[in-house]
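Novice: The residues making up each chain are set out below.
Number of protein chains: 2
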Amino acid sequence: MIIDQESDQSIHRNYIVNTMIKTDIKPNIDSPFNLKVYLQEKKEIVEKALDDSLPIEKPEKIYEAMRYSLLAGGKRLRPILCLAVAELLGQTEDVAMPTACALEMIHTMSLIHDDLPAMDNDDYRRGRLTNHKVYGEDIAILAGDGLLAYAFEFVAIKTSCIPSERIVKVLAILGKAVGANGLVGGQVLDLECEGKADVTADTLSFIHRRKTGALLEACVSSGAVLAGASEDDLARLSVYAQNIGLAFQIVDDILDVTATSEELGKTAGKDISAQKATYPRIWGLDTSRQKAEELIKNAIAQLDIYGDKAQPLRAIAEYIINRKN
Amino acid sequence: MIIDQESDQSIHRNYIVNTMIKTDIKPNIDSPFNLKVYLQEKKEIVEKALDDSLPIEKPEKIYEAMRYSLLAGGKRLRPILCLAVAELLGQTEDVAMPTACALEMIHTMSLIHDDLPAMDNDDYRRGRLTNHKVYGEDIAILAGDGLLAYAFEFVAIKTSCIPSERIVKVLAILGKAVGANGLVGGQVLDLECEGKADVTADTLSFIHRRKTGALLEACVSSGAVLAGASEDDLARLSVYAQNIGLAFQIVDDILDVTATSEELGKTAGKDISAQKATYPRIWGLDTSRQKAEELIKNAIAQLDIYGDKAQPLRAIAEYIINRKN
Chain Z
1 MIIDQESDQS
11 IHRNYIVNTM
21 IKTDIKPNID
31 SPFNLKVYLQ
41 EKKEIVEKAL
51 DDSLPIEKPE
61 KIYEAMRYSL
71 LAGGKRLRPI
81 LCLAVAELLG
91 QTEDVAMPTA
101 CALEMIHTMS
111 LIHDDLPAMD
121 NDDYRRGRLT
131 NHKVYGEDIA
141 ILAGDGLLAY
151 AFEFVAIKTS
161 CIPSERIVKV
171 LAILGKAVGA
181 NGLVGGQVLD
191 LECEGKADVT
201 ADTLSFIHRR
211 KTGALLEACV
221 SSGAVLAGAS
231 EDDLARLSVY
241 AQNIGLAFQI
251 VDDILDVTAT
261 SEELGKTAGK
271 DISAQKATYP
281 RIWGLDTSRQ
291 KAEELIKNAI
301 AQLDIYGDKA
311 QPLRAIAEYI
321 INRKN
Chain H
326 MIIDQESDQS
336 IHRNYIVNTM
346 IKTDIKPNID
356 SPFNLKVYLQ
366 EKKEIVEKAL
376 DDSLPIEKPE
386 KIYEAMRYSL
396 LAGGKRLRPI
406 LCLAVAELLG
416 QTEDVAMPTA
426 CALEMIHTMS
436 LIHDDLPAMD
446 NDDYRRGRLT
456 NHKVYGEDIA
466 ILAGDGLLAY
476 AFEFVAIKTS
486 CIPSERIVKV
496 LAILGKAVGA
506 NGLVGGQVLD
516 LECEGKADVT
526 ADTLSFIHRR
536 KTGALLEACV
546 SSGAVLAGAS
556 EDDLARLSVY
566 AQNIGLAFQI
576 VDDILDVTAT
586 SEELGKTAGK
596 DISAQKATYP
606 RIWGLDTSRQ
616 KAEELIKNAI
626 AQLDIYGDKA
636 QPLRAIAEYI
646 INRKN
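Going line by line, the protein sequences match chains Z and H.
All the letters of the first sequence, read from the start, carry residue numbers 1 to 325 under this note's numbering.
All the letters of the second sequence, read from the start, carry residue numbers 326 to 650 under this note's numbering.
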């Protein structure tokens with residue numbers, strides 16, 4: 001199961017009120033920065049760009065299938081991360097938007113293929129029928145392939161006003177994030193570990209660094225490259241990304257144990273019933289929480305040098321540990 | 326069924342001796358240029374580059390699955406086309422090789438996904454078990470995804486000594502060739518037309534311009550872009566590519582009717598038994614042959630301006646119409 005953190009539950013409530021995961025990292029509710037408003041504004045801009053990115057041509061069916069999943073809602077955390085990093089380092093939203101859209105295309109592809117009967121065999125995603133339940137398995141496979149290919153094409157043809165060297169670097173980052181050393185490799189190892197009782201924390205981290213971490217890191221590093229980041233910026237922001245990626249997964253595992261299905265917007269306790277290796281199973285709940293907190297603290301520490309400009313990234317990190325779904 | 330023209334039958338025999346398709350375009354057997362030697366030499370170089378392109382890392386299974394199909398033999402016509410065009414226009418083989426390899430990765434991805442049970446459900450490809458029969462459907466889907474993503478990454482990280490603008494253009498060409506307006510779109514329309522009796526020649530050409538034509542054209546145009554081709558060169562070579570692509574498909578349809586399974590290296594008469602729309606069914610055999618000849622003549626005419634330097638491309642065009650499998 002590739003995690004899709006983009007259900008349509010209230011972000012603000014989860015951000016401000018946290019009862020399920022008790023952490024020392026408290027959301028800064030006195031701050032003038034309003035994450036809810038920020039995320040909502042960015043989401044609307046991204047949604048519009050995604051809608052415009054893929055007009056329906058012939059053969060209509062494949063464009064409709066691609067759009068069905070690409071425009072299925074969600075919080076659009078990945079494109080927003082890319083935009084936030086690019087803007088932190090002085091780049092415009094316009095320059096970063098094609099890459100932001102491409103990241104969402106790639107994420108959507110991974111969800112479509114992951115839901116297939118040969119993989120997780122899920123009938124529902126974000127409360128709607130999965131792609132293959134609507135369009136058939138053949139079209140769902142092709143819709144994923146089409147979105148993946150289009151992600152690269154879109155960045156290549158739509159990114160302007162920056163040196164081509166940066167565009168090539170971004171395309172390399174996207175390719176690596178998806179490939180056998182990224183999403184695909186993580187998914188393979190996850191499939192291999194299914195039902196195994198002896199999965200170590202190292203193996204679990206290996207999986208998640210690839211399954212969710214690689215694309216989150218690509219969001220951050222591509223945004224940085226688009227802005228012409230220095231090596232130091234890139235190094236700091238990569239650490240930020242790796243930390244929030246792993247923390248996100250640990251929190252996800254914790255919520256599977258502690259939250260209700262209603263809170264999650266998906267079936268709770270699924271990992272336990274599937275005898276899946278999770279962090280709470282390996283470390284226990286308390287240690288898992290502690291590790292997640294350490295990761296988020298370390299992520300936020302990377303942002304010190306940027307001062308107030310980094311408020312969106314700081315708030316996103318805090319949101320990840322304080323979320324309830 | 327995506328056509329895989331890369332079975333391991335003797336090229337030379339088919340090139341020199343042609344009985345099944347009687348054309349006016351005779352292979353120039355007195356020419357000092359030896360296509361068999363040329364293709365064999367290029368194939369060996371491409372095979373070596375492909376082998377080097379994808380070392381096995383962890384998780385081994387996915388790398389093995391990707392390599393199983395990528396290194397399954399064949400004539401490597403697509404990478405060779407790319408190299409031939411790049412060299413025709415003065416570019417070195419080294420500069421063009423990452424793109425040549427990427428084209429084969431993309432072709433291989435399309436074959437792996439096309440063979441899946443949800444698609445054509447084929448158990449054998451090039452005389453070996455298909456990817457999903459060896460590794461399972463889940464791994465086969467992921468191996469295709471991995472190869473597709475890696476194709477873009479490989480071009481982006483391995484192409485050197487040319488301006489980055491050209492690399493970005495090549496990546497755009499590759500993306501377009503695979504996407505909903507290329508391979509994927511052609512495959513969707515092909516699936517939609519299955520079993521339909523009223524498919525027109527226009528629809529059939531729409532399908533094949535995408536299913537086989539788009540990637541063949543990408544081979545030629547990417548090779549040209551890598552060499553810094555002029556607009557005139559690009560226009561001429563695109564016409565060459567479109568013509569050989571469509572001719573290839575027509576010849577394929579003819580061979581399905583006229584050749585034996587032994588000659589084809591795959592089941593003959595498959596199109597008829599599948600009630601598939603083919604050119605012979607729409608135009609009849611004679612007109613189909615005539616159209617294929619016209620396409621090849623037009624393709625070769627595009628090369629006049631390049632003189633002897635274009636011998637490889639000329640010979641490849643002649644081979645396409647004179648082949649027996």
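Derived from the structure by calculation, the hints contain no laboratory data.
Every value quoted in this text rests on a predicted model; they were computed, and no experiment measured them.
Don't be surprised by glycine CBs; every beta carbon is placed ideally from N, CA and C.
Possibly wrong hints are sitting among the right ones.
[What the hints assert, rightly or not] Here's a subset of chain H near chain Z, in silico, CB distances under 8 Å, partners left out:
hint: 1; residue: Leu441
hint: 2; residue: Ala474
hint: 3; residue: Glu490
hint: 4; residue: Gly504
hint: 5; residue: Ala505
hint: 6; residue: Asn506
hint: 7; residue: Ile607
hint: 8; residue: Gly609
Novice: Work down the list of hints and note, for each, if the structure agrees.
Specialist: Here's how the hints hold up against the structure:
1. Leu441: holds (7 Å)
2. Ala474: holds (4 Å)
3. Glu490: holds (5 Å)
4. Gly504: Holds: closest Cβ of chain Z sits about 4 Å from Gly504 (chain H), inside 8 Å.
5. Ala505: holds (4 Å)
6. Asn506: holds (7 Å)
7. Ile607: violated (19 Å)
8. Gly609: Status violated, d = 27 Å.
Violation of the numbered hints given earlier is confined to hints 7, 8; the remaining hints are satisfied by the structure.
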